[in-house]
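Chemist: Could you slot chain A onto chain F? The hints should help.
Single-letter residue listing:
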Amino acid sequence: MPDIKITPLGAGQDVGRSCILVSIGGKNIMLDCGMHMGYNDDRRFPDFSYITQNGRLTEFLDCVIISHFHLDHCGALPYMSEMVGYDGPIYMTHPTKAICPILLEDFRKITVDKKGETNFFTSQMIKDCMKKVVPLNLHQTVQVDEELEIKAYYAGHVLGAAMVQIKVGLESVVYTGDYNMTPDRHLGAAWIDKCRPDILISESTYATTIRDSKRCRERDFLKKVHETVERGGKVLIPVFALGRAQELCILLETFWERMNLKAPIYFSTGLTEKANHYYKLFITWTNQKIRKTFVQRNMFEFKHIKAFDRSYADNPGPMVVFATPGMLHAGQSLQIFKKWAGNEKNMVIMPGYCVQGTVGHKILNGQKKLEMEGRATLDVKLQVEYMSFSAHADAKGIMQLIRMAEPRNMLLVHGEAKKMEFLKDKIEQEFSISCYMPANGETTTIVTNPSVPVDISLNLLKREMALGGPLPDAKRPRTMHGTLIMKDNSLRLVSPEQALKELGLSEHQLRFTCRVQLHDPHSDTDTLGRIYTHLKSVLKSYSIQHVPDGTVIVESIVIKVTSSAEEPNLKVILLSWSYQDEELGSFLSTLLKKGLPS
Amino acid sequence: MDISSDEAEDWFMESLNTYKDLHVFQLEHPTKVIEWTGDKCICVAGYTGARSEILELLLPLKLYAGENQGLCAERDFKVQHGGFSEEPVESLIHIPGTRCVVTTGSSSSALQIWDIGGDDSDVIKRTGVINLKSKSSKGSKIAPGLTDEPAVLHGSCISEVQLTEIATGRVLYTVAKESSDSVSGLQFVNACVFLICASNGTLLMGDTRDPSTCHYPLQDSKSGLHWSFGLRSDRSQSEPSCCTVARLSSSGHMLLSDLRDLQSPFCQTQLNVQHSTSKNDFLNVSWAPVLDRCLSVSGFDGTVHIYNTMDWSTEGQNPQPVFSHRGHEMSHEAKYSGSPPVVTTHSWHQSRPKTLLSAATDGSLHVWDWLDKITDR
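Protein chains in written order, with the UniProt record's numbering: chain F, 1 to 598; chain A, 1 to 377.
Among the clues, some could well be false.
Stated by the list, open to error - One-sided and incomplete, this derived list gives chain F residues near chain A with beta-carbon spacing under 10 angstroms:
| no. | residue |
| --- | --- |
| 1 | F60 |
| 2 | Y206 |
| 3 | R215 |
| 4 | R219 |
| 5 | M259 |
| 6 | N365 |
| 7 | K426 |
In short, the hints are calculated from the structure, not lab data. Computed from a prediction, not measured in an experiment: that's the story for all the values here. All residues carry an ideal CB built from backbone N, CA and C; glycine is no exception.
Chain F extracted, bound-state conformation (with noise of 0.2 angstroms):
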């Protein structure tokens, strides 16, 4: 039978490693290729010894395919590709082909030059990666090879973030990647056709949650700063300049303008010339609703948000600044933060998740001692916010995202069964389809039922009506004649004698002969006549005629009667039909061996 098999990969439930294994119709592929941010040995990676013990995984996958830029869906590619090999394509949208990379490298950055590790990919090896990749666009199908095709949607969650639908033949899976399904200021909610895949994957880390509207979390980031600038401190805020940089600028101006505030707000240099470079990315990635908002104001030329100077962190009194990196492990972010953090009346505000190893990740965790080059510690009494602005979807958001593509089964990966059996329950009654959760490593085996489509020609339709008996009961099969054509994709069902037409071959006849002697004293013409008697009395439902000629013809069979001059009681039947009514000839032909009646 058919079937479809889904495995994710690695040890460990824990979310943080998104790498999954599918194959269908022949092909292998790869959705996500992620790193496990916990871990600083090798389970971090995504377990490939599943592929192949040893060796390259090239011919064992006909393409990977990366969801988007985050590190826990494509951390681990340039180890798969350039450490373990692979050759072969991997697809990803424009936008994330093009901040991949930088994110790959800024991580290579802080894992080998912070924390000393060796057993990591290098900068050459990311920029070797990405030459394999191949971008996608929306709604477009990618033709992988003459089988397996791809088509990229709208998933919402961050710039270039893709949901992706694979199809060989009529068999097809959707992966989510990260979606959301409400949408926000800037990115819209993720959309996808009444595809109806025979399976649709989907993270279940979230699943069973229900999500704090982005109004409350947005507000909660306005009254902390807003606290801060009130009692003369400062607020720095960490950002990775291509993505969230954009939206909390618009809503601090916005601030700003409301409350008529007049503290100053910065965004540091190297923002602006990335940012420049994202709206570019974003402007062709967006729907034209968002766009047209987008465009209406132009992303840099903020009333209240002025450009950076090193010098300003020096200034007195209130201030925000927004300076990059994110996670403030090198560069101007830490400068900054290296001279605020001392001042209890000051602000960090991190906005996103921290790697292991950076000064961002050591705060969040509480500590406030932190450790700087040279053996010298930095007291951190400055206040210390963590807040998340990611986009998921929840509960009542997988219940949409089911809702819209009918799928006609459901994985969830990432997730603890004994925790998802309620959802799995609620997936199942509400849709009447089947919901699987395998574990890390576990492969889940869906038999499809694909219908092969054959088209029927209509002479042969009609053929098999003029047949005559009872007409076709619609619940009892009956067997018909044909030729089955398969060419360029297509099957036909056809007679016979327009195949042997479009194959541009003759028809040949087979026709069989047979004698059969008899005794008989009448004359040849009432011997003939007493063999169409004795038939017609055997033989009541069959059509036998009489023919002057000298012939009695059975169906298709032909009966004549001869005999020799020398002997002339000693009758030779002949006794000639064709292929098609052997049975019946070889019938008549005992039949008359054993004599007529007198």
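Modeler: Below, chain A alone, put in the same frame as chain F:
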């Protein structure tokens, strides 16, 4: 009254000064119950649609992070356990000291008993029913017994009120009073003494050791009004004398009585609210568990009002609330339901003095911590 997006925006901006914390959630289906099942967990349940979900939700961890609140980014509810009910859930109560909840439907002839479950499974399972003698079309009201052996006090009209032991189904006590008045609410004051409030405002006080009950009808009861009640008991003492009863009518009339003298309320006042003509009994009056003499009111519209009754004289008129939560109106999204939302229920946090939870007809669920303009600055 449609809220424009500007007005909503204004309200959100104002909220920076008026709330310490604010969380806005959207449930898939609206709930009319919020019941605490632990320090950090509540149960909610659907009442629209044939098949309803019962959910046990863990409150956002950020609320409990204390001094480290800044380091906790967790603002979401976590669904700890979930189950399915074959009928819409009208009431839900938790039996203290257990993992058991009891629910009623709008016209069912039985009470449903559920086990919320522990760590090994996230499914809420039905473990039994208590069949009711009467098949009245009005649903039963329920309240947990406060004895060691889990029991539930229930009834849809006064003469049918009884106390049933959950494990065995044994009837432990029946009210002897002949009265077809429908029950609006009931609650135990201590292990034996209980209070029943009828829809017409009449109060009944009883003791499970004694079949007779004391009956306190309203002085001048106006027909057509529906009454709800809220009991404040000082947990440190189980003497009935420390209890205050608030009765609220669908026209906003409020009566405060002391359990020692239920005949004459010590305070009467008229709240400045819209008369509620809804058939649904969303009317809710609750006493704050920590703040002294504060009570909250909801069910008239999309607002929860908080009053400080210390300021009320014996015959006050139109007292002003110390705080009004308009969040449900302001964050209402028309896509979830056309008409403006009405608050279906609200509940105070058991230990945080100014934290409340409220739910509305559009499926919204809010957790909010308000700032007293006078005292918090």
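Chemist: Evaluate each hint against the coordinates.
Modeler: Each hint tested on the structure:
no.	hint	verdict
1	F60	violated (37 angstroms)
2	Y206	holds (8 angstroms)
3	R215	holds (6 angstroms)
4	R219	holds (6 angstroms)
5	M259	holds (8 angstroms)
6	N365	holds (8 angstroms)
7	K426	holds (7 angstroms)
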